[in-house]
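*Asks:* Sequence:
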Amino acid sequence: MVRLARFRLRFLLQEIDLPPGESILGRSASCHITIEDPLVSRRHARIQVTGDRATIEDLGSRNGLFVGGQLARGVVDVSAGARVRVGTQELVICRSAEENQTKEDQGLRHELRLLERGSSGICPRPWRNTSTRS
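Heads up: the sequence shown begins at 1 in my numbering, then just goes up one per residue.
It is worth saying that the hints were derived from the structure and are not from the lab.
Backbone N, C-alpha and C fix where the C-beta goes; we use that ideal spot for every residue, glycine too.
Don't take each hint at face value.
To be verified - Pairwise CB distance ranges, derived in the manner of DEER restraints: (1) R8 x G68: 16 to 24 Å; (2) R73 x T50: 16 to 24 Å; (3) R10 x Q48: 25 to 33 Å; (4) L59 x E90: 28 to 36 Å.
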């Protein structure tokens, strides 16, 4: 039985898995996590997950990256419950544990996450009222 620590990013009403390695946040559709906000740079920040550790760093964004209300400079360790602000959006780093996974199961889940990250549906889009007024 393997216990695997897993990080997630809570954004609006969704939680997005953060697989091991690098996840780029930004406005560009080429980012792993796309945030539609005019104050978010095309490539705003990088989250790096390595083992039981997660870090975040600003990628030279115009409006900065805030962790716990403080402007982040360089690579910043983020723990469970850390509040991160990019543009006008607040994100929360979450940590959960998955139990009873075999190495084969972990590989499958990782592959599915990578496929999900490449799809356009990974990031929540702003809700738009499409009803017409009479």
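*Asks:* Are R8 and G68 spaced within 16 to 24 Å by their CB atoms?
*Replies:* 18 Å, holds
*Asks:* For the pair R10 and Q48, does the Cβ-Cβ distance stay inside 25 to 33 Å?
*Replies:* 18 Å, violated
*Asks:* Does the Cβ distance between R73 and T50 fall inside 16 to 24 Å?
*Replies:* With Cβ atoms ~20 Å apart, the hint holds.
*Asks:* Between L59 and E90, does the C-beta distance stay in 28 to 36 Å?
*Replies:* Between L59 and E90, where Cβ atoms are some 19 Å apart, the hint is violated.
Of the numbered hints given earlier, the model fails hints 3, 4; all others are met.
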